[in-house]
Amino acid sequence: MWLIWVILGIVVIIIIFLAGTYNGLVNARNVVKNAWAQIDVQLKRRYDLIPNLVETVKGYKNFERDTLEAVTKARTAAQTASTSGDIAARSAAEGELTGALSRLMVVVEKYPDLKANQNFLALQEELTSTENKISFSRQAYNDQVLQYNNKTQQFPSNIVAGMFGFNKEQAFLQATESDAEKKAPKVSF
Amino acid sequence: MWEQIRANRVRSIILVILMGALLVLIGWIIGMVFAGNAIAGLVIALIVWGFMSLIAYFQGDSILLGVAGAKKIQPSDHPRLYNVVEEMKIASGLEKMPDVYIIDDPALNAFATGRDVNHASVAITSGLLQKLNRDELQGVIGHEISHIKNRDVLLMSMCGVLLGTIVILSFYASRVMMFGAIAGGGGNRRSSRNSNGGGGGAIIIFIIAILLMILAPIFAQLIYFAISRKREYLADASSALYTRYPEGLASALEKLAQSSIPVKSATQATAPMYIANPFRNKNVSVNDWTSTHPPIQERIRILRAMGGGAAYSNYDQAYRTIKNTNSGIISDNTAAAVGAVGLRAAVAEGPVETAAPVDDKMTRTREVNDMMYRMNDYKTIQCECGAKLKVPPSMQGGVIKCPRCGRTHQA
Numbered sequence: 006m007w008l009i010w011v012i013l014g015i016v017v018i019i020i021i022f023l024a025g026t027y028n029g030l031v032n033a034r035n036v037v038k039n040a041w042a043q044i045d046v047q048l049k050r051r052y053d054l055i056p057n058l059v060e061t062v063k064g065y066k067n068f069e070r071d072t073l074e075a076v077t078k079a080r081t082a083a084q085t086a087s088t089s090g091d092i093a094a095r096s097a098a099e100g101e102l103t104g105a106l107s108r109l110m111v112v113v114e115k116y117p118d119l120k121a122n123q124n125f126l127a128l129q130e131e132l133t134s135t136e137n138k139i140s141f142s143r144q145a146y147n148d149q150v151l152q153y154n155n156k157t158q159q160f161p162s163n164i165v166a167g168m169f170g171f172n173k174e175q176a177f178l179q180a181t182e183s184d185a186e187k188k189a190p191k192v193s194f
Numbered sequence: 024m025w026e027q028i029r030a031n032r033v034r035s036i037i038l039v040i041l042m043g044a045l046l047v048l049i050g051w052i053i054g055m056v057f058a059g060n061a062i063a064g065l066v067i068a069l070i071v072w073g074f075m076s077l078i079a080y081f082q083g084d085s086i087l088l089g090v091a092g093a094k095k096i097q098p099s100d101h102p103r104l105y106n107v108v109e110e111m112k113i114a115s116g117l118e119k120m121p122d123v124y125i126i127d128d129p130a131l132n133a134f135a136t137g138r139d140v141n142h143a144s145v146a147i148t149s150g151l152l153q154k155l156n157r158d159e160l161q162g163v164i165g166h167e168i169s170h171i172k173n174r175d176v177l178l179m180s181m182c183g184v185l186l187g188t189i190v191i192l193s194f195y196a197s198r199v200m201m202f203g204a205i206a207g208g209g210g211n212r213r214s215s216r217n218s219n220g221g222g223g224g225a226i227i228i229f230i231i232a233i234l235l236m237i238l239a240p241i242f243a244q245l246i247y248f249a250i251s252r253k254r255e256y257l258a259d260a261s262s263a264l265y266t267r268y269p270e271g272l273a274s275a276l277e278k279l280a281q282s283s284i285p286v287k288s289a290t291q292a293t294a295p296m297y298i299a300n301p302f303r304n305k306n307v308s309v310n311d312w313t314s315t316h317p318p319i320q321e322r323i324r325i326l327r328a329m330g331g332g333a334a335y336s337n338y339d340q341a342y343r344t345i346k347n348t349n350s351g352i353i354s355d356n357t358a359a360a361v362g363a364v365g366l367r368a369a370v371a372e373g374p375v376e377t378a379a380p381v382d383d384k385m386t387r388t389r390e391v392n393d394m395m396y397r398m399n400d401y402k403t404i405q406c407e408c409g410a411k412l413k414v415p416p417s418m419q420g421g422v423i424k425c426p427r428c429g430r431t432h433q434a
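Chains as they are written, first to last, in my numbering: chain A, 6 to 194; chain B, 24 to 434.
Pulled out of the complex, with its shape left as it was, chain A reads as follows:
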């Protein structure tokens, strides 16, 4: 009789362990998905900000056309890449956009009246913050992926992960320095 109870007890413990680990894995995966969505939100926010920025800057006499056009072009390219679903291409396009924007910000230094423009200052704050948010959400995403990967690879949760097909490794995102960024002029005083 006691043997049945012991077996029953072991079975219950195994079920509790399975359920707990499974839920933990599902939770970790959802957190990763959510973190990925966060990056998207911030990238979209950047697309929305750029037309306003270009509009504000365009009004200034003799503002370097090439720089502005590069930003507009990079934005369009990034937006197109965002619908393609190819992560590598998209990451490259976003890198180009980051580079074009940072070049624009360096060029702005030459226009003192632009820097005194309230409208422009507000936009610049938004843009700085959005750039920060992009890198922070990428950072948070990578941290969550590390967490998830640890769970799928470490004993004993790797057993449950293997049983339910959790062991798909998620890609890490890297802040790649794009060609445009490398070409960004260095400021010297």
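Note that these hints are calculated values from the structure, not bench results. Just so you know, not all the hints are guaranteed correct.
[Said to hold, decoys possible] Once the Cα atoms are required to be at most 25 Å apart in a straight line, the calculated DMTMM-like pairs of lysine to aspartate or glutamate come out as:
#, chain 1, residue 1, chain 2, residue 2
1, A, Lys115, B, Asp383
2, B, Lys119, A, Asp45
3, A, Lys49, A, Glu130
4, B, Lys411, B, Asp400
5, B, Lys384, A, Glu131
6, A, Lys120, B, Glu118
For clarity, every value in this text was computed on a predicted model and none was experimentally measured.
Position chain B relative to chain A; hints supplied.
Chain B in isolation, oriented as in the chain A frame:
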């Protein structure tokens, strides 16, 4: 990476249990002395504690914000502050954006409150907001956000309640006992005899009880401070990890250390919520054991000694070096789980930072002052001579003369 909460929690829980034991002890003594029955005392202690906990849990944040005179701000009131809070919210992986409050106070401080991650607020004094550049602000907000993320706010307010209960109970019980012993020694002895059967023994028990009553609140306070200090180190480490830039917080703390204006609205109970001890006074050397916060210079030194990494393991290493100790502040498995984390460079600054450093301070001060005026319902009139008139609500509706050029305006 959020596993560190669990590891550090164990140590905190041990300390909380110690405080709970003190409360039980107080209840037991009260029961024995006044009713001859330990259970009655325990029930009284638990009722007082439960009642205070409920208030602290549901009303704690609004009481704290109300006492501090904090005003909630919208993104448009101060975009930079709001953005920085949002950045740190993203970096920490919080799901809900905390409310942002501003306190009209020249003192330099900030605190976080709220019982859980979904009812959280961050408050900063206008003085601090004026003083900090973007990187420093990020460090400070990162520190506050990690108090929310690590559930320190709940832990500290529950500990505060525990401490408060112990202090109140032992204060009143010991006064009543002393009074009883002086005024009606006979009555007291009679009741003691019923339970103990010996006069001499009763007096000894009585003295021990009084001693415990006096010592318990002191011990409880020391434990409370110990928990608080631990959480401060952890929040510093988390801030460095979130921002990937320990220097930001270090330089912000340096600015905090230079100021000795105490926060007007802070009390002993709310002190652990602030980023730095709100009562700090340059002329008084702060004793290690009786402080809610680690010495600010030490925190700066640890942050600066992190050497090339922003991970918990870097902070832990720096902590060991600076404190010259073998026991770190963060458990080993925590540090290992996060792994190596590199630093970032100082960010390109927003609008304020593009100007010369002197202008910076002026712009920031003007920005904050304008916001405070707006929030207090002042109206701004731009006079033709270039002066900006700030009209208080009480003077609106009348005719106002520009003090510089004498033109009159309809307010």
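Structure-based check of each hint:
{"no.": "1", "hint": "Lys115(A) x Asp383(B)", "in the structure": "holds, 19 Å"}
{"no.": "2", "hint": "Lys119(B) x Asp45(A)", "in the structure": "holds, 17 Å"}
{"no.": "3", "hint": "Lys49(A) x Glu130(A)", "in the structure": "holds, 17 Å"}
{"no.": "4", "hint": "Lys411(B) x Asp400(B)", "in the structure": "holds, 15 Å"}
{"no.": "5", "hint": "Lys384(B) x Glu131(A)", "in the structure": "holds, 20 Å"}
{"no.": "6", "hint": "Lys120(A) x Glu118(B)", "in the structure": "violated, 35 Å"}
Violated hints amount to a single one, hint 6; each of the other numbered hints is respected by the structure.
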